[in-house]
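One-letter residues, chain by chain:
Number of protein chains: 2
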Amino acid sequence: MKKINLLGATGSIGIQTIDILRSYKEEFQLKAVSAGRNIEGIRKVINEFKPELVSVQDKESAELLRSEFINTKFVYGNEGLTEVACYSDSEMVVNAVMGSVGLGPTLAAIESGKHIAIANKETLVTAGHLVMAAAEKYGVQMLPVDSEHSAIFQCLQGENSKNIERLILTASGGSFRNRTREELVDVSVEDALAHPNWAMGAKITIDCATMMNKGLEVIEAHWLFNLPYENIDVLIHPQSIIHSMVEFHDSSVMAQLGTPDMRVPIQLALSYPDRLPLMGAKRLNLAEVATLNFKEVDFKRYPCLRMAYEAGKTGGTMPTVMNAANEVAVSMFLNRKIPFLEIESIVETAMAEHNVLANPDLETIQAVDAESRIRVLEKF
Amino acid sequence: MKKINLLGATGSIGIQTIDILRSYKEEFQLKAVSAGRNIEGIRKVINEFKPELVSVQDKESAELLRSEFINTKFVYGNEGLTEVACYSDSEMVVNAVMGSVGLGPTLAAIESGKHIAIANKETLVTAGHLVMAAAEKYGVQMLPVDSEHSAIFQCLQGENSKNIERLILTASGGSFRNRTREELVDVSVEDALAHPNWAMGAKITIDCATMMNKGLEVIEAHWLFNLPYENIDVLIHPQSIIHSMVEFHDSSVMAQLGTPDMRVPIQLALSYPDRLPLMGAKRLNLAEVATLNFKEVDFKRYPCLRMAYEAGKTGGTMPTVMNAANEVAVSMFLNRKIPFLEIESIVETAMAEHNVLANPDLETIQAVDAESRIRVLEKF
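Chains A and B, in that order, give the protein sequences.
Numbers given in my numbering equal positions in the first sequence, counted from 1, plus 35.
Numbers given in my numbering equal positions in the second sequence, counted from 1, plus 35.
Check the hints yourself; a few may be wrong.
Since the list can't tell identical chains apart, any single copy or any two copies may satisfy a pair.
[Unchecked claim] Quick list of in silico lysine to any residue cross-link-like pairs, SDA-like style, CA-CA up to 25 Å:
1) Lys197 with Gln176
2) Lys79 with Glu171
3) Lys330 with Pro273
4) Lys317 with Glu200
5) Lys197 with Asn320
6) Lys330 with Leu319
7) Lys317 with Tyr264
8) Lys335 with Leu369
9) Lys197 with Arg410
10) Lys330 with Asn320
Worth flagging that the hints you see were computed from the coordinates, not collected in a lab.
One chain only, chain A, in its complex shape (with noise of 0.2 Å):
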């Protein structure tokens, strides 16, 4: 039995990692959980899992489960989150937290030698250098809980990591991509949130529709699979049925395909190295989905995605910087303050204004993360 903490068990990620412990009780145990303000939501799985310690948002919250759960040790807050990611002698992290705030529980664990199931993006798009380096000095796996990542790592399975050519990042395209930048000018809200593939959160919806959550996978890509920007590429597949691909100097590409469904990579992640049968999987029936398209992606179009190369290629605290300002924007967008386009011009804003430090150390990330964000609210 493979025992597992798991931070934001109550966003969609961590839902889904509970649906797969819920079907594979003899095969894992959730030793430790944490939520952020959904009390509900970790009331049954405290009901349900019964883990040792749980970890909240608030010391509120923790004292009222705590008169609740008698036989649970809770805490709260940063502190607590990480006390959830350091727990005991599990063997895997889930970090399916948002934000910058996954970032220091991931290294916590790492540095105490648990695996890393990672869909945190912000852990290795601010700190890739910092978890890489760390993953590798403690002999960690860092497992992507992404479908791209996971398509890629599957992709890799068995092979030698030098005869990589490149690899090539699938992209749906988002919620406008039959539209021209001239028509991006009046979008609403709502049309930006109706993605065609895939149900996930607002936020990273809207990455989709500006392609910056490509390119802060084409960053992750770069550290999780130590590879140069140029060998990594994107490329348009609307049906997001193939999930990305390498290609090998020999020419050879390996795919990996299925419907859209965030399952699989996350139970590959917890079942790793084997597979186990997915409950109520759909299976993919490619004479039913009939053709597959692809398009060349235009940086013009997606000035976003062109952003995060550059972030990346320049490295430091750029791509904090960048991530950051996205961050603020695409929150002013969804509260109906600024226009889509606007979301590019604060990021581009934002990297303009930057002076970049090299190599930062994890109080560095999280000064610049914090300034970068205020920066952006002050001009609003």
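Starting from the structure of chain A, add chain B where the hints point.
Just chain B, lined up with the frame of chain A:
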């Protein structure tokens, strides 16, 4: 340096194997080689690679060459072929001969502990039970030299075969894929030889048009990957870009893609477990390809595929009979003695008239093969 014995140096696969050996003279050494009647072709190979042992089809050719190359040993006929297969301390035999003559040398090479790069279909179709048992007994690898089986082999790297849900062999549909059965009544040999994607020999091109080729591949896949026929599917994919796929029980599908180029599977079999850069490869550009299509295969449209599944499931000597009858029928069609659709009737009749012998040994297979050919020919 890996030492190689090559059977069938002057056929389509043999010539491409020679191309690869030419690109990698530091990696591979051609120790022994066979050719049929193409004396000019084998002369060039001897001049360039200086193999120690050469086998040709007949005694006269062997004597002629013996007088020209005094440092080379020449042998001939079926015995010569087996001598080349088992020669010296070579690690690997590439079996690229056509027809049932390839079976004996494969078994002999396995018994002498050499890994087999197998392009000869008859070996697995007629004697898969003997070959795979011998390969296991002598601890040798069977490396597929065929785009479909190589694709599956690549999809299975680093995977546990117990997790396989099914194999999906892709089929282009052949030269008549856009015609109904009614439109096949009076097709010409020239039409049948116009394969849309691959340039191959005449026999295999006709087998693509009837889809007997895919049927033979289904039987080969059954033996190579040790899976029941119920878990081997065929899917029509006109572009021949996805060379085949494996679906796992977690619903993840792995695929291998590339522009149609037989040198990829040949080179992988030679270099396995490593990959080598492929010289002069035309890299896959999916944005340029733009569209991949898929369609269910129709057993009524392609009765040879249905018959191959039946022969495979029946087992014993049935695949031998099917293969022999098909070979004779295709040859008669190519010689304009029968119309295209009679290929299918001949195979159907041969199978219906055969009393199956279970678990045949090599001699039985060879006797049934010869007898089946005579039975078909006697009717014309």
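Hint-by-hint comparison with the structure:
no.: 1; hint: Lys197 with Gln176; in the structure: both (19 Å within a copy, 24 Å between copies)
no.: 2; hint: Lys79 with Glu171; in the structure: neither (36 Å within a copy, 52 Å between copies)
no.: 3; hint: Lys330 with Pro273; in the structure: both (9 Å within a copy, 19 Å between copies)
no.: 4; hint: Lys317 with Glu200; in the structure: between (32 Å within a copy, 13 Å between copies)
no.: 5; hint: Lys197 with Asn320; in the structure: between (34 Å within a copy, 21 Å between copies)
no.: 6; hint: Lys330 with Leu319; in the structure: both (22 Å within a copy, 13 Å between copies)
no.: 7; hint: Lys317 with Tyr264; in the structure: between (34 Å within a copy, 22 Å between copies)
no.: 8; hint: Lys335 with Leu369; in the structure: within (23 Å within a copy, 55 Å between copies)
no.: 9; hint: Lys197 with Arg410; in the structure: neither (42 Å within a copy, 55 Å between copies)
no.: 10; hint: Lys330 with Asn320; in the structure: both (22 Å within a copy, 10 Å between copies)
In this structure, the earlier hints numbered 2 and 9 are contradicted, and the remaining ones agree with it.
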